[in-house]
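> Read off the chains here:
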Amino acid sequence: DGGITQSPKYLFRKEGQNVTLSCEQNLNHDAMYWYRQDPGQGLRLIYYSQIVNDFQKGDIAEGYSVSREKKESFPLTVTSAQKNPTAFYLCASSIFFEPISSYNEQFFGPGTRLTVL
Amino acid sequence: AQKVTQAQTEISVVEKEDVTLDCVYETRDTTYYLFWYKQPPSGELVFLIRRNSFDEQNEISGRYSWNFQKSTSSFNFTITASQVVDSAVYFCALFHTGGGNKLTFGTGTQLKVEL
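These protein sequences, in sequence, are chains A and B.
When we follow the working numbering, the leftmost residue of the first sequence carries the number 1, and every step to the right adds one.
When we follow the working numbering, the leftmost residue of the second sequence carries the number 118, and every step to the right adds one.
Honestly, I wouldn't trust all of these hints.
[Stated by the list, open to error] Across the chosen pairs, the derived CB separations fall in these ranges:
1) E231(B) x V52(A): 45 to 51 Å
2) N169(B) x T5(A): 27 to 33 Å
3) Q56(A) x V130(B): 38 to 44 Å
4) F12(A) x V131(B): 35 to 41 Å
5) L117(A) x Q186(B): 43 to 49 Å
6) Q227(B) x N84(A): 19 to 25 Å
7) Q56(A) x A198(B): 39 to 45 Å
8) D38(A) x K229(B): 16 to 22 Å
9) R113(A) x V201(B): 20 to 26 Å
10) P39(A) x L165(B): 18 to 24 Å
[To be verified] Subject to a maximum C-alpha distance of 16 Å in a straight line, what follows is the list of computed EDC-like cross-link-like pairs (lysine to aspartate or glutamate):
11) K219(B) x D59(A)
12) K120(B) x D139(B)
13) K9(A) x E161(B)
14) K187(B) x E176(B)
15) K155(B) x D203(B)
16) K219(B) x D30(A)
17) K187(B) x D139(B)
18) K219(B) x E105(A)
19) K155(B) x E105(A)
20) K120(B) x D59(A)
21) K219(B) x E143(B)
[Stated by the list, open to error] Derived list of chain A stretches under chain B, where covered just means 3 residues or more per stretch with a C-beta under 8 Å from a C-beta of chain B:
22) 42-54
23) 104-114
Just so you know, the hints here were simulated from the structure itself, not pulled from any lab data.
Small disclaimer: the values here were computed from a predicted structure and weren't measured.
Note that the Cβ used here is the ideal one computed from N, Cα and C, for glycine as well.
Chain A with its partners taken away, still in its complex shape (with noise of 0.2 Å):
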């Protein structure tokens, strides 16, 4: 089946720690992105790729890292640098960056929730 796998569906972090998180896609899209989410806010984009090797900071940036080695691979790295990562994270896919056609629907995965402890 084609679709979005992330992993793990729940992680526990020590502070000070880095964690990273995977996501995953074979539905061979393009752009590749992360958000996060708070309780009562809406989804917040950190970083996005929209080709391999490439990758451009989002709206809330700091305290994360990514890397876009492979098309279908997309890691978020949370790192000690992040005052406050206790949230729940979503990856997802498009075909394109660029809305070229009028349809460019995002693809999200189940999601990561982060504690830290």
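Given the coordinates of chain A, assemble chain B onto it according to the supplied hints.
Only chain B this time, still in chain A's reference frame:
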């Protein structure tokens, strides 16, 4: 700047009632797209509908309907004869063609449908 406002934080209804979720957006662009997503308790976002700025026709899909009005910058979502399975958080989102495929989300409306 792009902005999406969902003023209703939480709505509770009894099963079979109709319910409307409001969405008001702000954008300076003439070409843009509006979306509704559903987030059930499992957490994954489920795509419901996309509408472009040039198509103001209302749409109906089963018990779901959407009312897009550019004059009031609104894109409201109505569920007819609500069911318990409709309980979820619903997000309205906007993106404009001038800024790549980046979505701006509202803060979401928690819908609770009770028996």
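> Take the hints in turn and mark each one as holding or not.
Okay, the hints, checked on the actual structure:
In this structure the supplied range 45 to 51 Å holds for E231(B) paired with V52(A), their Cβ-Cβ distance being about 48 Å. Checked against the hint of 27 to 33 Å, the pair N169(B) and T5(A) passes, with Cβ atoms roughly 30 Å apart. For the pair Q56(A) and V130(B), the beta carbons lie near 41 Å from each other, so the given range of 38 to 44 Å is met. Between F12(A) and V131(B) the beta carbons are some 38 Å apart, a value that agrees with the proposed interval 35 to 41 Å.
About 48 Å separates the C-beta atoms of L117(A) and Q186(B), a value consistent with the hinted range of 43 to 49 Å. For Q227(B) and N84(A), the hinted distance range of 19 to 25 Å is satisfied, since their beta carbons lie about 22 Å from each other. Distance hint check for Q56(A) and A198(B): the Cβ-Cβ separation is about 44 Å, which falls inside the suggested range of 39 to 45 Å. Checked against the given bound of 16 to 22 Å, the beta carbons of D38(A) and K229(B), roughly 20 Å apart, stay inside it.
Remark: the range hint 20 to 26 Å for R113(A) to V201(B) is upheld by a beta-carbon distance near 24 Å. Separation of P39(A) from L165(B) is about 22 Å and conforms to the stated range, judged on CB atoms against 18 to 24 Å. Among the hinted pairs, K219(B) with D59(A) is consistent with the structure: their alpha-carbon atoms are about 10 Å apart, no more than 16 Å. At roughly 14 Å between alpha-carbon atoms, K120(B) and D139(B) fall within 16 Å of each other, so this suggested pair holds.
With a CA separation close to 11 Å, the supplied pair K9(A) and E161(B) stays within the 16 Å bound. Straight-line distance between C-alpha atoms of K187(B) and E176(B) comes to about 15 Å, which keeps the hinted pair within the 16 Å bound. The hinted pair formed by K155(B) and D203(B) meets the criterion: a straight-line CA distance of about 9 Å does not exceed 16 Å. For the hint pairing K219(B) with D30(A), the CA-to-CA distance comes to about 14 Å; that is within 16 Å, so the pair holds.
For the hint linking K187(B) to D139(B), the alpha-carbon distance of about 14 Å falls within 16 Å, and the restraint holds. Simply put, K219(B) and E105(A) have alpha-carbon atoms about 11 Å apart, close enough for the 16 Å limit, and the pair holds. For a cut-off of 16 Å, the pair hint linking K155(B) to E105(A) stands: about 14 Å separates their Cα positions. Restraint check: the Cα-Cα separation between K120(B) and D59(A) comes to about 13 Å, which is no more than 16 Å; the hinted pair holds.
The suggested pairing of K219(B) with E143(B) holds, with an alpha-carbon distance near 15 Å, which does not exceed 16 Å. Given as covered by chain B, the stretch 42-54 of chain A passes the check, having 6 residues with a CB less than 8 Å from a CB of that chain where 3 are the minimum. Counting residues of the stretch 104-114 of chain A whose CB lies closer than 8 Å to any CB of chain B gives 9, which reaches the minimum of 3, so the coverage claim holds.
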